[in-house]
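Student: Residue-level listing of the chains:
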Amino acid sequence: EPEVTQTPSHQVTQMGQEVILRCVPISNHLYFYWYRQILGQKVEFLVSFYNNEISEKSEIFDDQFSVERPDGSNFTLKIRSTKLEDSAMYFCASRARGTEAFFGQGTRLTVV
Amino acid sequence: AQSVTQPDIHITVSEGASLELRCNYSYGATPYLFWYVQSPGQGLQLLLKYFSGDTLVQGIKGFEAEFKRSQSSFNLRKPSVHWSDAAEYFCAVGGAGGYQKVTFGTGTKLQVIP
Numbered sequence: 001e002p003e004v005t006q007t008p009s010h011q012v013t014q015m016g017q018e019v020i021l022r023c024v025p026i027s028n029h030l031y032f033y034w035y036r037q038i039l040g041q042k043v044e045f046l047v048s049f050y051n052n053e054i055s056e057k058s059e060i061f062d063d064q065f066s067v068e069r070p071d072g073s074n075f076t077l078k079i080r081s082t083k084l085e086d087s088a089m090y091f092c093a094s095r096a097r098g099t100e101a102f103f104g105q106g107t108r109l110t111v112v
Numbered sequence: 113a114q115s116v117t118q119p120d121i122h123i124t125v126s127e128g129a130s131l132e133l134r135c136n137y138s139y140g141a142t143p144y145l146f147w148y149v150q151s152p153g154q155g156l157q158l159l160l161k162y163f164s165g166d167t168l169v170q171g172i173k174g175f176e177a178e179f180k181r182s183q184s185s186f187n188l189r190k191p192s193v194h195w196s197d198a199a200e201y202f203c204a205v206g207g208a209g210g211y212q213k214v215t216f217g218t219g220t221k222l223q224v225i226p
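For the protein sequence lines, the chains are A and B, in the order given. Take the first sequence: its position 32, counted from the start at 1, is 32 in my numbering, and no numbers get skipped. Take the second sequence: its position 91, counted from the start at 1, is 203 in my numbering, and no numbers get skipped.
These are computed hints drawn from the structure, not numbers from a lab. Because the structure is a prediction, the values reported are computed rather than measured. Backbone N, C-alpha and C define an ideal beta-carbon position, used for all residues, glycine too. Each hint should be verified, as a subset may be incorrect.
Claimed, not checked - Ranges between beta-carbon positions, derived for each pair:
1) Gly128/B x Ser27/A: 39 to 47 Å
2) Ala129/B x Glu18/A: 30 to 38 Å
3) Arg80/A x Ser192/B: 48 to 56 Å
Claimed, not checked - Residues of chain B clear of chain A, computed beta-carbon distances all greater than 12 Å:
4) Gly140
5) Gly153
6) Leu168
7) Lys173
8) Glu178
9) Arg189
10) Ala199
11) Glu200
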C-alpha cells in the first residue's frame, strides 16, 4: 500500500539553527500539506501546496517557514531559525483529487 | 471558517463496554468528515471517512460513525471496546474541492479499564 514517508523520524537542533524536514508524498498525488502538533495539543494546519505554489497558509506559517518541491518527488519544510516553541511533531500529508489526505508518521522536532 | 468541536477531553470506559465519542463540526458546504486515531508518540491512522452517500460509515477496528447533517455531528461509536483501543481520537473536517485543508478537533483521550 502506498504511503507518505517522512525523514528523519526525530531531529534535535539548537535554537537559531535551520532545519529541513523531508517528505516523500504518494506518487500520483497532487496536493501536499504540512501540519504540526505541539505535544499534548491538537494537529494544526501549516500550509498547503499545489501546482508548485502555496495554496493556503495559516498564521503560524510566517516568514521563517518555507516549503519546496525541489525534484518532483520530495516535499520539504524549512524552518530558517528555529525557536524553542517550534518543538513539535510535524506531519506531511498528500492527497489526490477527491480523496482523503494520507499522513506520514511524522518528524519529531526538538529545539534545545 | 471550518472548525471541529470535541467536547470530551478525556473518556474512561470499561473493557467490553460500548463507546461513543462526540464530534460537532462547522463547515459552509458539504463536508468531508474523518476520524483519526493516534497512539502516544505515533502518527495519525485513519479510522473512517464520510464523503457522501450512506450516513452510517464503517471503519477499521470495528468502529463506525454516523453523519447527522441536522445536528452537524459525526459521532464515533464502537459496540465493545478492547484495551488496545486506548489512544487519542481526533475528528476532522475538510472540503471536497482541490487543495482543501483538514481541520482537526482538540481530540478525546480514551482510557480503557479492565
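Student: Determine for every hint whether it applies to the structure shown.
Tutor: Hint-by-hint comparison with the structure:
no. : hint                           : verdict
1   : Gly128/B x Ser27/A: 39 to 47 Å : holds, 43 Å
2   : Ala129/B x Glu18/A: 30 to 38 Å : violated, 50 Å
3   : Arg80/A x Ser192/B: 48 to 56 Å : holds, 50 Å
4   : Gly140                         : holds, 15 Å
5   : Gly153                         : violated, 8 Å
6   : Leu168                         : holds, 18 Å
7   : Lys173                         : holds, 17 Å
8   : Glu178                         : holds, 18 Å
9   : Arg189                         : holds, 20 Å
10  : Ala199                         : holds, 14 Å
11  : Glu200                         : violated, 10 Å
This entry does not satisfy hints 2, 5, 11, going by the numbered hints stated previously.
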